[in-house]
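A.B. asks: One-letter residues, chain by chain:
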Amino acid sequence: METRQNLRFVGHTTARKDGVAKVTGSAQFVHDMALPGMLYGKLVRSPHASARIVRIDTQAAEAMPGVRAVLVGGELNAKIGLYVRDKDILARDFVRYQGEAVAAVAATEEWIAEEACRAIRVEYEVLPPVLDPRQAMQPDAPLVHPDLEQYHCLKGVFCPQPKTNIAHQQKIRKGNVVDGFAQSDLVVETRFYSPPVQHVALETHTCIAQALPGDKVEIWSSAQSPFTLRNLFSLCFGLAQQDVRVHVPYVGGGFGGKAGIHLEPLAYALSRKAGGRPVKLLMSREEEFNTMPSRQGLFSHYKTGVSKEGKILALQIEYYWDAGAYADYGVNVGRAAAYSGAGPYQIPACKIDSFVVYTNKVFGTAYRGFGHLEVLWGIERNMDILACRLGLDPVEFRLRNVLMPGDTTITGEPITEHTGRPDFCLKQVAEAIHWQGWQSEEQRIRARSQGVARGKGVALLHKAPAMPPATSSAVLLKFNENGSVDLLTSIIDYGQGTYTAMAQAAAEELKIPLEKVNVPWDSDTAFTPYDWQTVASRGAFMGCRAVIAAAQDALRQIKETASQVLRCSVEDLVCENEMVSLAHRPDIRLAYADLVMGYVYPNGNAIGGPVIGFGRYIAQGLTHLDPETGQGLPALDWTYGAHGVEIEVDLATGDIKILQLATSLDVGQVLNPQALRGQVIGGVVQGIGSALYEELQFSPQGELLNPGLLDYKIPTARDLPESMQQSYVLTKQPDGPYGARGVAEHPMISVPSAIGNALYDALGLDFFQLPLNAERVCLALQQGGNEMPR
Amino acid sequence: MIAPLAYTKPRSLAEALELLQIAHSLPLAGGTDLLVELKKSNKRPALLVDLKGIPDLDELALTADRGLRIGANVTMNRLIESGELVSAFPALTDAAMTVGTDQIRNRATVGGNLCHASPSADLAPPLFVLDTQLVVASLQGERRIPISALWQGAKQNTLQPGELIVQIEVPWPGAAAKMAFLKKMRTAGHDLALVNMAGLLDPVQGRCRICIGGCACTPVLLPGTDTLYQESRDPDQLTARLLALAEATIVPIDDVRASARYRREIVAVFLQRLLKLLAVETKGWGRC
Amino acid sequence: MLNPLEQTIISLQLRVNGLPVQEDVPAQMTLLEFLRQRLRLTGAKEGCGSGECGACTVLLDGRPVNACLVLAAEANDAEIRTIEGEARDGRLTPLQQAFIEHGAIQCGFCTSGMVLSAQALLERNPHPGREEIVEAIAGHLCRCTGYVQIVEAIESVAGKGS
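Chains as they are written, first to last, in our numbering: chain A, 51 to 840; chain B, 2 to 289; chain C, 109 to 270.
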């Protein structure tokens, strides 16, 4: 689509549409909601990672005053799942992770529900858990899902392998790696690990569900994707979509953790059993860690062949994703991270096998970056290791291999001059941190004698929306009497600023002041138009495209009515400043306010009618991936970027202090500079959490040892880099709104790799495992290095 | 959720001590540890006796003759906000500053921090090295115990049912004494100590005290350090001997926060840093 | 004297956002539950229930506290301020305005507590430096913003006025 100069709203900092509601505390989250007659639901959770449920005694709980429903898995015969329907609403027969819900209670008071849960006796036969995805692939490994072949799955896209723990294997085949390795001057093998982590959205998962007469259901949920939720919910219970209504008000952060479907089926089942009273489920922080999904762990194995000139000739990769007990989004993470799985590089021969493997841990799901932080941890560390072995500067080595117009990706997608410029991003961050090459071993030795070492590192990143090829968005622009509009969408703005960007686009296109665009934070599948999901950095891209189309539709309606009043052709009308006028006679004009509810002549005759603009957008030109080769066109838009970082390491304690962190992203077009800066800084700091602190720790029996913020640390205001810079490359995305690309997830990706690379520069030691916490750094210094995962 | 219970707020110490005779009653100070426990554990007191209505426990006095007296109810932020205290007992206020967050420090009390008897209680190391005495009250009267006698084990104190810490008495360490506090956390934000450590060095009186937290089931005051110091004031020799002593005395464990090995490493690093600080500098935050 | 074990319901008198409030509450009810459930002041949120996240922060006699770790009974006779009392007659405070202008908000779940802690700081010290600002909000977890624009918003108010 065309890109324009002289934008009035788009490209400018404008205040968030939700600012006043949020600074005054009036924004209502599901967390805050209470309905008349509402019951409180609580869960009984498994203390074991793998066990057979021998019996559940609920008698005492049922007898307690105030208890209105007690539910166990045996009463429910419906599985849920996004891509593989593998999860019971409550565990039946077997529990597959510690923290899995096995029974639930709804009661008139929260504490009564808790007491009743304590009164439920569950007898387990404890089974040996399987906790490492590579062990889970061994032929003798216990099966997490012995009946895998009986589950429904999205055929042709995902392929669970019966009588194994493999939920999906994504293959990418390009060129011939055997020849590539044979031609290589140097072949290097490396292995990396990225642990499971938690999203830690500040609002924990919560929903209210009410079973209504006539098999209807009403749901209020802290969810990212009301329509996908509704669809999966309907499939689960065999209900008609139009009978299930999902409301999503303000949501306290998502980061992928609230995509899909989570607590809603259980809340509904409780409500149904309690005679239709609404039931609220609200996860405690401990349950959020223990019961709600996390980001998958990843073991990555690379074998890279390079020429002595520094060109990558062949790359063979195995990814072993620790899916946990259920496939959820994990299988699609394994798929998306495979088609992006070689990094933003031209690789003539590439073979990737990405295995998503069931284990007895809390299950994985989408998390900002959708697998890319994890794979780029390995890829971008691997690039530095290769450069070092070749005696090349790591920036130069990357520039020799980075994707350029004329190259093709590992799935066969041609790179054009419009695709974006990772090389520009890399150069910008290298300049920002004054990159001059690695320090010498003498410099490192000198630093060691002073107890403090400094180092610099860079890392590239890329990501495209990870979504099926045919996802779509729709928007309604509903005019009010005064010429203002309500913008109705089912994209969810849980903090990203999408609604503000969409309002900017609406004001821009409709030629009305921004204040006259109202975006209700109140998505409702019965009233707001369809949108696939709010994930994948697709919201602003697809949402703004739909807004632009809706505005054009509304203006057409306005002009049609105006052309009758002004007795002119529609083509001669232009819109500006809330007015429609004749292009050649600006004084002949009508205000929108006089047209948008229909035009009324002095004698009372009326024409036209309420103006409601409708716009939609569907991802175009994308294809499925060939199951055997992975070849195809998966990417709506690529967003490239790079981080450059300078750190200081306390050589005695292993503590890392980030002195500077520079980020460059090819965003195509900035829609709102302040909102973009907020997204970038927020993502970078979340990336610092993954880099330095965050890890779900499990006992050998599979018990999560740090299910809370006491022992799972995320960055605070004291943990920020001393300085952070952001810069942008503006390669217009031809079909992006105003040329923009998605950028919500990207700032987080490759922050760990840049820090890991800076650690190498500082210490001369390679790190292979995350997080780079003080203990790991300190012990590596003593042992002369961090071990590759076995 | 906290299960149903009764609550009362006595206006005098005598009244509070009476109330604490009731079976399944518990004293409530700042509540920042207790309320978390009531929500998460199966602890079910019948009665909470809120101590914050007792004026006797609010005293914070620094006098030339009696040293520092801290009422059990004094909050962390009250300690920190007393300019006099910051200059007289920097290790103590530095330690108080690292307890939780600003919101926690507005509630958490000195008495509560000690009674909780965490092995890594941040106030413990500075109070240990300062030869602190605790005034413990019960219906039978008052008794004084050295602070080291409070810990029985991890999160187990030696107080009898019905006993309360009412006052913390910190003697003047002497004009020449220097002190410092260090704490290892996992982030720069708020965290429990993986290791904390306080030291006091008084070249005039020949006193040297080191207390290490988080490396045993109680805070550990290194034994015989005065003698070591008196035997050799050579910094290198003293450091080496203290390192060996610390290494032999502490019994750290592997847990979710750190490995025993790393804790030992930090103890060695901190001990050296502490001795440097004591020789040259006693101010500062002590966050490491 | 009443049997203390029977004091399971507490007659509470306090001021909330300047207005007197009188309620009978169960002794085990936290201040956060009281504000949210009884008074329907839901600006303070429960993010963890254990004093780690700061989302439940309110001002108790002018000082920020975690309302999840205070019993409502402990707030008897106290002056409580919640986010709902900050804007008067629909007019935002300069700090609230600054949060909007500086893009210091994303999902909004931490915002109420952040604003109150920052407001308490500014009332205690109208011109705090960056260190003090960071210290005042260090007990508030924010997963969205990366804190920088929040610090900038508070700094912009700290720099103004006498």
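Among the hints, a few may not be true.
[To be verified] Listed next, the stretches of chain B that the computed footprint assigns to chain A, with coverage defined by at least 3 CB atoms under 8 angstroms from CB atoms of chain A: (1) 2-13; (2) 127-134; (3) 247-259; (4) 262-271.
[Said to hold, decoys possible] Here are a few chain B residues that face chain C, going by a calculated C-beta distance under 8 angstroms: (5) 32; (6) 40; (7) 61; (8) 63; (9) 67; (10) 102; (11) 105; (12) 108.
These are computed hints drawn from the structure, not numbers from a lab.
Please read all numbers here as calculations on a predicted model, not as lab measurements.
The beta-carbon is built from N, C-alpha and C at its ideal position, and this holds for glycine as well.
A.B. asks: The structure should be examined with respect to each hint, and the outcome stated for every one.
C.D. replies: Now for the hints, and whether the structure bears them out:
no., hint, result
1, 2-13, "holds (count 4)"
2, 127-134, "violated (count 0)"
3, 247-259, "holds (count 3)"
4, 262-271, "holds (count 5)"
5, 32, "holds (6 angstroms)"
6, 40, "holds (6 angstroms)"
7, 61, "violated (16 angstroms)"
8, 63, "violated (23 angstroms)"
9, 67, "violated (29 angstroms)"
10, 102, "holds (2 angstroms)"
11, 105, "holds (5 angstroms)"
12, 108, "holds (6 angstroms)"
This entry does not satisfy hints 2, 7, 8, 9, going by the numbered hints stated previously.
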